[in-house]
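Protein chains: 2
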Amino acid sequence: METKTPVKSKPYLSELVGELSMQEYNLFTSDEFVNLVESLNKEKNNLTEIEKKEVELSMEEIEKKKKIPADEYEAYAKLTSINQGIWEEAKAKNDFSIIKDGLEKIFNYNKKFAEYRRKDEKNLYDVLLNDYEKGMDTEKLDIFFSELKKEIVPFLKKIQEKKKSLKEEDKLNDPVDEDIQMKFAKYLAAYVGFDFEKGLVETSEHPFTLNLNKNDVRLTTNNKRNMPFSTVFSIIHEAGHGIYEQQTADNLIDTLLGSGGSMGLHESQSRFMENIVGRNKAFWKPLYKKAMEFYPFLKNIDFEEFIKQINKIEPELIRTEADELTYSLHIMLRYEIEKMIFAGEVSIDDLPKIWNQKMVEYLGIEPKNDAEGLMQDIHWYCGLVGYFPSYAIGNAYASQIYNTMKKDFDVDKALENQDLKKITDWLGEKIHKYGRLKDTPVIIKEVTGEELNPKYYIEYLKEKYSKIYQI
Amino acid sequence: METKTPVKSKPYLSELVGELSMQEYNLFTSDEFVNLVESLNKEKNNLTEIEKKEVELSMEEIEKKKKIPADEYEAYAKLTSINQGIWEEAKAKNDFSIIKDGLEKIFNYNKKFAEYRRKDEKNLYDVLLNDYEKGMDTEKLDIFFSELKKEIVPFLKKIQEKKKSLKEEDKLNDPVDEDIQMKFAKYLAAYVGFDFEKGLVETSEHPFTLNLNKNDVRLTTNNKRNMPFSTVFSIIHEAGHGIYEQQTADNLIDTLLGSGGSMGLHESQSRFMENIVGRNKAFWKPLYKKAMEFYPFLKNIDFEEFIKQINKIEPELIRTEADELTYSLHIMLRYEIEKMIFAGEVSIDDLPKIWNQKMVEYLGIEPKNDAEGLMQDIHWYCGLVGYFPSYAIGNAYASQIYNTMKKDFDVDKALENQDLKKITDWLGEKIHKYGRLKDTPVIIKEVTGEELNPKYYIEYLKEKYSKIYQI
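Top line first, the protein sequences correspond to chains W and C. Per the working numbering: the first sequence = residues 4 to 474. Per the working numbering: the second sequence = residues 4 to 474.
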């Protein structure tokens, strides 16, 4: 659908996909399946470790679906589908009023569904947070984001102060043919450890990673002629996702566990590759000459200057264009708004104003309109509520894992020696091979010795960017 | 599987495909489905024309499968699958004895199955001929091939005599980069009328056409660096198949009728494009300069010489490398052998000898071994018995259709005016739009006013090659 399908085939294929999704839902909620899972659940002791986890995950899914009346579930599914087109229109016309009702309904459904499903969660919002990141709740995230806010917001202000005295130019946007960008993208994917015997790279409008199975992992990138480094960091990011999938254990194929873990843990692997590896001076040192073969304009750019260029801090209105430092502030803003909505502290009408106020407070810039403000991301409009925090958690996990890895070996040295395998082997052994067999909090605890701790993320950011901006 | 699947994913995907095939077979032979089709068959008068034909085709399939005991069907399916690997080994080792038993079993199963299914067919072999080409039987094919033999075998001898006095060189095999060959291939596919909004082109080991639906038709080609014209005629051939699929009527989508008709009729459309259009002087006249942009070495080849080059007659041992004139002689040989086998006139042990004798008789050349003789094609070894004649019938249909088309408009002029649409519109209106709604004999009769008649094919070949070889 996203890479190859001829344009006139798309409506038909959409219908087929819709039909298959419905059949999957029907299978999953059928009495036959539910009874099977429940009876297996009663004799857990006779199951293997893998089977036990499969039953556990299935029970969770069944519980989730059983508590929501089928007619409401269906109405909600339709709403999320219809909203997509309305959101596109509203964004294009820059008119929030077009999608306002649709958004309000989404939030109301999500509150209602959370009420149906709530057990002993302290806050209603926690039900959804736990969906996307098992074990996560408002209490933990409040601590997490308050640390971030306390440290990163003033740190960013300092950098912005310093930037006034610097003449920063964009030097990396010379046009490069799409074909050549693609060749470099494939080179880089292989370089960081993506195995082309178990996967491939194509182009699509928005980059993504898809696993058919661990031996057939498909990445995409988007080669934009005038932004040759867009594809560079995008492919390293997706390769991080892809290597995770490729390194899940062989015996998890064909089980419910044969893919990467929670959304936050998955994002930690892609962010690790993209930022901690991909924007690292030690990574580019042995690679810079090779990069010039693909992008000859780099010959005119001094290596030290290049490293500064790929690590420039520049607050942006749009989350997906944010740099490494400001990215999580975008997420913090969304988290705070979701929390307010679930606490009933804000009306839909006030959202645009609140959004813009927070942008000014955290990033020092203000959207000129809602298209570049509240309407920039599709997530809420198609039902992804409670999902955003995973992005920030992923970044924090990445730094926390990096901190442990550095104790085991000299990561910079491995990068300088072009020994990426040392890094991916380590990640494979400690994280990837488990697939969904272990929950994320367990893995994080086992690998790093503690729970999610924002300290490492904050330290990593401050140390790196203090050096780059000499503050 | 053939174009994109990463190498390590293929075994897993093969298993999935096997599983889906089995499920399809089970659905198709289930009591529920059979009862539904049979009850619909009883109230044909209440059905639309499309539904009626769907029921008719389903009844035929059900009959075919019901008459064969399930255990024998399964054993045969396994045999054809296992044989593939054994055939590969036997061919690679050039040792017929390795696959001899496997081949004998195939023929025995096919005879047995044909006995089970035989109704009033004069010859047992007719049961299979009718499977691949409805309405076809030994009586018709005997006449068809005896005409061919009478006319083409001596005509070929004359050409071979003439060739002795000619110094024919291969001038079209300058190396060209695969990328550029692919660009030319896509240019040519679009040029002859393949619609890229409803399809695409990729590469694979063996070229083929696959229709997911009429708006998603996928062609492949194989760009060989040292044979730049291999992809040219291959892509024009596949585009002929593809245009057929793309031009089936919209209201046949999602029915059993939404793809091209019999194998012979389908092949007539690809051969029409490849040979009657693609090797035509009038086709290349307005295109030759453009071709030079892709293949610059053509600048050194005079246009008249180029036309001779792409229409060279050269008896080959291998069917798939045969030229337009000798191609059907390869098929005739296979037809005669299949007939002998079904009549019990030949033992497996004698096949290599008979094959080679016939090659000498019809083409004047003798295989040095069975790998380039009896074992060259996979068809028989994996169960395709009675299938080969469709190739020759396709060629003959193409000429017969061409003869009618020329009465309606000046085809050469359309080619010279680069008005390929005139040709594809005509084919679309007379043939393609019907999909499988009408049987091939009906279409041929309606379009050309008569049944399959080898006269047009023989005339076409003799007229064209008399001119080229000036005999």
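Hints were generated in silico from the structure; no laboratory data involved. No experiment lies behind these values; they were computed from the predicted model shown. It cannot be assumed that every hint is accurate.
As the list claims (entries may be wrong) - Capping the alpha-carbon separation at 20 Å, the derived lysine to aspartate or glutamate pairs in DMTMM-like fashion look like this:
1. Lys-174(C) to Glu-324(C)
2. Lys-186(C) to Glu-307(W)
3. Lys-114(W) to Glu-92(W)
4. Lys-13(C) to Glu-205(W)
5. Lys-186(C) to Asp-182(W)
6. Lys-13(C) to Asp-253(W)
7. Lys-189(W) to Asp-182(C)
8. Lys-13(C) to Asp-257(W)
9. Lys-11(W) to Asp-257(C)
10. Lys-13(W) to Glu-324(C)
Stated by the list, open to error - Now the stretches of chain W that chain C is said to cover, found in silico as 3 or more residues with beta-carbon under 8 Å:
11. 11–21
12. 200–207
Said to hold, decoys possible - Chain C is nowhere near these chain W residues, computed Cβ spacing over 10 Å in every case:
13. Glu-35
14. Lys-167
15. Ala-346
16. Ile-351
17. Asn-372
18. Lys-409
Idealized CB from N, CA, C, for every residue including glycine.
Structure-based check of each hint:
With a CA separation close to 17 Å, the supplied pair Lys-174(C) and Glu-324(C) stays within the 20 Å bound. For the suggested pair Lys-186(C) and Glu-307(W), the alpha carbons sit about 41 Å apart, so the restraint of at most 20 Å is broken. Restraint check: the Cα-Cα separation between Lys-114(W) and Glu-92(W) comes to about 26 Å, which exceeds 20 Å; the hinted pair is violated. Taken as a hint, the Lys-13(C) and Glu-205(W) pair is honoured in the structure, with Cα atoms around 19 Å apart against an allowance of 20 Å.
The hinted pair formed by Lys-186(C) and Asp-182(W) meets the criterion: a straight-line CA distance of about 13 Å does not exceed 20 Å. A C-alpha spacing of about 15 Å is found between Lys-13(C) and Asp-253(W), which places the hinted pair at or below 20 Å, so the restraint holds. Between Lys-189(W) and Asp-182(C) the CA atoms are separated by roughly 17 Å; this keeps the pair inside 20 Å, and the hint holds. This hinted pair checks out: Lys-13(C) and Asp-257(W) have alpha carbons roughly 15 Å apart, not beyond 20 Å.
About 15 Å separates the Cα atoms of Lys-11(W) and Asp-257(C), which keeps this hinted pair within 20 Å; it holds. A C-alpha spacing of about 37 Å is found between Lys-13(W) and Glu-324(C), which places the hinted pair above 20 Å, so the restraint is violated. Requiring three or more residues with a Cβ within less than 8 Å of a Cβ of chain C, the coverage given for the segment 11–21 of chain W holds, as 4 such residues are present. Here the segment 200–207 of chain W counts 4 residues with a CB under 8 Å from a CB of chain C, which clears the bar of 3, and the coverage holds.
Residue placement check: Glu-35(W) keeps its beta carbon more than 10 Å from all beta carbons of chain C (closest about 17 Å). Look at Lys-167(W): its CB is around 49 Å from the nearest CB on chain C, clear of 10 Å, so calling it non-interface holds up. The non-interface label for Ala-346(W) is consistent with chain C: the shortest C-beta to C-beta separation is roughly 47 Å, beyond 10 Å. The beta carbon of Ile-351(W) is kept farther than 10 Å from every beta carbon of chain C, the shortest such distance being approximately 40 Å.
A cut-off of 10 Å between C-beta atoms confirms that Asn-372(W) is not in contact with chain C; the least separation is 35 Å. Under the 10 Å C-beta cut-off, the non-interface status given to Lys-409(W) relative to chain C holds; the minimum distance is some 32 Å.
Hints 2, 3 and 10 from the earlier list are contradicted by this structure; the remaining hints agree with it.
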